[in-house]
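Number of protein chains: 4
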Amino acid sequence: MYYGEKRVENPIRWGMVGGGRGSQIGYIHRSAALRDFNFDLVAGAFDIDPERGKDFGKQLHVDPDRCYPDYKTMFAEEAKRPDGVQAVSIATPNGMHYEVCKAALEAGLHVVCEKPLCFTSEQADELVKLAEEKHRVVGVTYGYSGHQLIQQARQMIKNGDLGEIRVINMSFAFGGYNFKIEDKVPSAKWRFDPSKAGPSFALGDVGTHPLFIIEAMIPDMKIDNLMCTKRSFVEGRELEDNAFVIMNLKGSENVQAGAQVYCWASSINSGARHYHKIRVVGSKASLEWDDERPNQMLYEIEGEPSRVLERGAGYLTDEARVEDRIGGGHAEGLFEAWSNLYARFAVAMADADKGAYGDFWYPDVKAGAQGIKWIEKCVESADKGSAWVDYE
Amino acid sequence: MYYGEKRVENPIRWGMVGGGRGSQIGYIHRSAALRDFNFDLVAGAFDIDPERGKDFGKQLHVDPDRCYPDYKTMFAEEAKRPDGVQAVSIATPNGMHYEVCKAALEAGLHVVCEKPLCFTSEQADELVKLAEEKHRVVGVTYGYSGHQLIQQARQMIKNGDLGEIRVINMSFAFGGYNFKIEDKVPSAKWRFDPSKAGPSFALGDVGTHPLFIIEAMIPDMKIDNLMCTKRSFVEGRELEDNAFVIMNLKGSENVQAGAQVYCWASSINSGARHYHKIRVVGSKASLEWDDERPNQMLYEIEGEPSRVLERGAGYLTDEARVEDRIGGGHAEGLFEAWSNLYARFAVAMADADKGAYGDFWYPDVKAGAQGIKWIEKCVESADKGSAWVDYE
Amino acid sequence: MYYGEKRVENPIRWGMVGGGRGSQIGYIHRSAALRDFNFDLVAGAFDIDPERGKDFGKQLHVDPDRCYPDYKTMFAEEAKRPDGVQAVSIATPNGMHYEVCKAALEAGLHVVCEKPLCFTSEQADELVKLAEEKHRVVGVTYGYSGHQLIQQARQMIKNGDLGEIRVINMSFAFGGYNFKIEDKVPSAKWRFDPSKAGPSFALGDVGTHPLFIIEAMIPDMKIDNLMCTKRSFVEGRELEDNAFVIMNLKGSENVQAGAQVYCWASSINSGARHYHKIRVVGSKASLEWDDERPNQMLYEIEGEPSRVLERGAGYLTDEARVEDRIGGGHAEGLFEAWSNLYARFAVAMADADKGAYGDFWYPDVKAGAQGIKWIEKCVESADKGSAWVDYE
Amino acid sequence: MYYGEKRVENPIRWGMVGGGRGSQIGYIHRSAALRDFNFDLVAGAFDIDPERGKDFGKQLHVDPDRCYPDYKTMFAEEAKRPDGVQAVSIATPNGMHYEVCKAALEAGLHVVCEKPLCFTSEQADELVKLAEEKHRVVGVTYGYSGHQLIQQARQMIKNGDLGEIRVINMSFAFGGYNFKIEDKVPSAKWRFDPSKAGPSFALGDVGTHPLFIIEAMIPDMKIDNLMCTKRSFVEGRELEDNAFVIMNLKGSENVQAGAQVYCWASSINSGARHYHKIRVVGSKASLEWDDERPNQMLYEIEGEPSRVLERGAGYLTDEARVEDRIGGGHAEGLFEAWSNLYARFAVAMADADKGAYGDFWYPDVKAGAQGIKWIEKCVESADKGSAWVDYE
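Residue numbers (our numbering), protein chains in the order written: chain G, 1 to 392; chain L, 1 to 392; chain A, 1 to 392; chain B, 1 to 392.
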């Protein structure tokens, strides 16, 4: 492998729904998808204002004829072309994810979708089923999971370096919603509107990120039951701005039965930026990682000095190092994490087109569905007075 | 004030029960009590082996005639002397705290006692009552609370610098008991024996430390209800080696009603030393402190750069700075924290002897009783299947 | 501005010399240049093996007819096309920089070149002159200087937030060359061969990076004289693997006369990754930055708590914030720093083509020449027995 | 050994010169000397005001008859007593160190003295000679060197864990004198008066601290030559407030010939507290230590993850662990470092009284003399225009 190696023979013809001018998330999708020539951006329904979308598409070198006013037109028109899009990324407001994702799958397209995939488990199950029937890839952009050191952690855990997992203490607890920001910044308003944001704010918006990271680190992790307590500290919010969840895990290859996960999801952690931290404690050693300093991971073997593992270092596993875009010491950031995911999405899509299924992981439709289910279970627990509820 | 200023006119005549040769805890008691000439060590029942105790006492410049074989003899004999002890510190195994403390109070002595004061609320209530009746001071050595920056936090919270408190995330989760250490180190065995350690290991041994620190920081904090989940990850232990507690707080001057405290107490956090961290989140700003780096405290106002407050700095409050033993920049450690507590114990004792009661705080008999009650409530919750239980 | 906004009306037609398959530096050039559609990669002489170069170009969507066997052919052939390249990036071994840069300028092309631009001041002066005559832009990839917080520092210093600059303590001292790596890794060999690497290893390879960063932070900085001590700790090396330089500065608007810069450049700092740290001390406050954690900068006002400034935060200056590619809290890395530089190169090139010269900075041909001169002066000092030598 | 074990059979009868009420340095001397019953404070000339000194002595349980108006009277009167002082600590202003130290040695007393011992090498040589003739111990309170991890570093270097030492980068660069503090705080004025402070401010006041630490870490270290540049950034100061020194080392067992030491000593490092940092780079690995976080030391082996060594940890050497006053994880501070030194002083004094000389190190009269010589050589270099000067 070499730095930024192209992973697929033929770039995947790719379109975007949403993510137009000024969109932060649209930009990171494009940066990640295009940098290694695994995708070609050939079409888009970038904007609800068609002219603005067309103008923006032009800047991106997209043929104006393939800049569509909406996703339905795009899917219909592209289907008529021999060189029509093969994959589409969805960067719309949350409330549209489900319908666009469903339509894309039905149109035979691979999908990359922002989380949450949808709002209910029924919807999620439907998407899982549809993806399977259509043999299409659905990649979900749990972007932080693409950091190289998450891959490193996954292999160390598999190798038994930590012993059996016993406790996970994690948080994604940012601070900017400590006051009624939605009165000041109108674009924040939908986040507390259940019809647009689904049944949760903090759990869904940030809590699902560390959840997926530990699923990526510990693929055999199974939740047995959970308890959630949530509330809004800022008056007048319909959805929670702060939540805490405790999960008991089932025993499995790398997990001691009864292992516990503590998860703090918050938007009112005054003064914090992400506070997105994960500590995985095993019977022999622990790992600790923080998305704000993603190039370092603490590795603490009981009875030995703490070690700091560095991204890009020669002592990492080959599977982690293959994703170096630059040598160790140099800082990588979130764009590289997304790029790693998009590279895997491309390979998965190319494989799927050939009917092949490579043995590697990425946040897929089931991971997306798992997030939805987890939110539902958390809400169920909270609604029952923070009672313990079985997960299956 | 000046560095290490003596706080009482006449040093308090002081004795020790336990804390003999080789005792780590005995040493820190003496270091803290004697350094500023607020106490004179004049008697002791240092050791269950009287000769060894006498020999040790000699090294400490204690008159051999006042080195006693046991605490009962000491209290009886000292009572006969015009210059008998006025105060006694208890540094015995936990199982003896209650009886020695009670006997000391009954003998009219002030007491400094290791936590836990006792094993049950009934015992604790009895000690509270006895101390009141006898007008005696009982100081409990929640040593970390004596760090200067805890005092600083207390005043910042009182001043409203954080706004209303909403969330506290705290832990004391060390790592050395990740394997069955009690089979290897016999002196660790009693910790998992309920008859010697009380109804809990992790909660009582370490969890009560951050609990008292937040009580010290936020004196008006009142627990409404709580939920505890605890277990032993290492097989064959009668008491938990890991626990998690969530508390809902009542509204009060500095606390928003419904504020939550998350507390992780553990002895199996592989590779960690103390992992004794406290983050207090208010509506405007947060504070974060870690006992392993006690000279720094993070102060994060939402929307501004994070600040690091330094012990001894000129910008701290006068009440915090009065306890400087050396200028800022120089590292203080746990011995200074204990010394601060002992200095306050001395003043409280001298005040009590005069019938005066100064307006300052220290971990007193009620703080000790609160710890016992909290453990009981946690155990009650856990025994009910980690149900929510009312605190009062 | 919005995230990743395109900065030039028409993308600049761009080619590469070197930077073929497997090249780390070629990859970062492309990632930075292409991500925002400010450049189109339309030609290249990627590889000394023309077939391999052509094959690689294909992956990059470059017309095979415009994949050339060498830079001379490329410049000649592209000059014949109406849509020929307007700019070229040079990612060859150091020994070729000068001739390619010169040829490109003579061919009327804008240039982006790796440092060092060349090996001697004579060459550098020639390039400066040539660039002026031809009205062409030469951007030098002092990549770290593109980090947002460097821009922030520049403005804070200009604003007087630090007072007058008195001391700068800086280092770029990595660790991997602590043993004779060139015997093990053949590609490291040229670095110690003066005919290929120029008159210096550590000073030129890493020392010029912090040098340019402080020039970017303090544009009015002027070196008065300097002293350098250098040597090879690993036997058999012709060029130094470790050096130290002290510079006295002249007085200027933001600099106190007699201010001093201490610079440690090393490749034998065992166990360190970059150790690329810069502390700028003013009469009122200091700034401290480390390229391994580029999203944070320490800001320490004397008498106040230390502050940590965060990339992307709302309290940064507008000029710094304009380069956000993602919101604060999210980690950016070296690729974003390079992307910022390439965006400025694009604007400078587009301006130059219009005969306009915008009021903004980037590492230009004079910055490149300054690095060469600095190395020469350091070598001169070292050769004179580490004597002080005047800079002008 | 056990926590705080008494090291000498009979406590040493001890007196103080200076260090009266309000003295920060007097307090740390007493705290360190008395805590382990290795010294008895029996006499003192605490204060230039005899009554105030007597009153203060009373608080310290010193017989009023043995509280003297001045050191001469003390030495004379105590000499007449069979139980007169055996050792004396000098905590006066710098200008008196030499005469009191000399008088004490002539009176046959052991001495503990603040650095600097004196102002000139002639004086230092005289004290060295006198101490030898009288077979008396002179301990110099380079207090930071007593931290446990310094001992650990010494042994790791001796064991060859770092390979041959090549580079040391160190600083003690505090910030409070960035403005003309001596106009505001009269007690700071003497520091810039050569008649009271000697020939240097920053070099002597802070620079000698890291110097002694590396001497303690690398006992076979020998300076070959050095270069110093120094100046006052704040106008009107007679002595330097900022200095930089480069030293070349001779080859020795643990040091590669030509190894270099970089030392920044400053009082104008705005916003910094101590900035007292030492990085020792060997051919295989490096150590890094900072007095503001003295319980941690970075240990970086090239090619492996960085490690953080913790004070009190079980993996430290026995020689380091013997000085534990409390278990690992708990923070020790500067008082423990001083206590470690005083315990060694006591043993050295008791040994000397028996004519025995134990094989252990402490900052002795030669270390004190070395500091004086180093300052002189630095001043010599600076006075010659920052020329290189031979050390021997």
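Think of the hints as simulated: they come from the structure by calculation, not from any bench. Possibly wrong hints are sitting among the right ones.
Given that identical chains are not distinguished, each listed pair holds provided it fits within a single copy or across any two copies.
DSS-like mimics (lysine-lysine), calculated; alpha carbons at most 30 Å apart, straight line [unchecked claim]:
1) 158 with 180
2) 277 with 250
3) 189 with 284
4) 129 with 196
5) 184 with 134
6) 354 with 102
7) 373 with 196
8) 189 with 354
9) 384 with 72
10) 222 with 180
11) 80 with 222
12) 354 with 250
13) 6 with 222
Here is what the structure says about each hint:
1. Taking identical chains as interchangeable, the C-alpha atoms of residue 158 and residue 180 lie at most 30 Å apart only when they sit on different chains, with a minimum of 24 Å there against 44 Å within one chain.
2. Proximity of residue 277 and residue 250 under a CA criterion of 30 Å is satisfied in both settings, with 23 Å inside one chain copy and 29 Å between copies.
3. Proximity of residue 189 to residue 284 under the C-alpha cut-off of 30 Å is restricted to the inter-copy arrangement: shortest distance 21 Å between copies versus 46 Å within a copy.
4. With identical chains, the CA atoms of residue 129 and residue 196 are at most 30 Å apart within one copy only, with a shortest distance of 24 Å there and 58 Å across copies.
5. Proximity of residue 184 to residue 134 under the C-alpha cut-off of 30 Å is found in neither arrangement, the shortest distances being 44 Å within a copy and 51 Å between copies.
6. Taking the shortest Cα distances, residue 354 and residue 102 sit within 30 Å of each other inside one copy (22 Å), while across copies they are farther apart (49 Å).
7. Proximity of residue 373 to residue 196 under the C-alpha cut-off of 30 Å is restricted to the intra-copy arrangement: shortest distance 18 Å within a copy versus 45 Å between copies.
8. Within a single copy, residue 189 and residue 354 get their C-alpha atoms no closer than 44 Å, and across copies no closer than 45 Å, so neither meets the 30 Å cut-off.
9. For the identical chains of this complex, residue 384 and residue 72 are neighbours neither inside a copy (40 Å) nor across copies (54 Å), given an alpha-carbon limit of 30 Å.
10. Taking the shortest alpha-carbon separations for residue 222 and residue 180, only the inter-copy value of 26 Å comes in at or below 30 Å, while the best intra-copy value is 37 Å.
11. In this homomeric assembly, residue 80 and residue 222 never come within 30 Å of each other (Cα to Cα): the closest approach is 44 Å inside a single copy and 65 Å across copies.
12. In this assembly of identical chains, the alpha carbons of residue 354 and residue 250 never lie at most 30 Å apart, being 36 Å within a copy and 61 Å across copies at closest.
13. Proximity of residue 6 and residue 222 under a CA criterion of 30 Å is satisfied in neither setting, with 35 Å inside one chain copy and 45 Å between copies.
Comparing the model with each numbered hint stated earlier shows that hints 5, 8, 9, 11, 12 and 13 do not hold.
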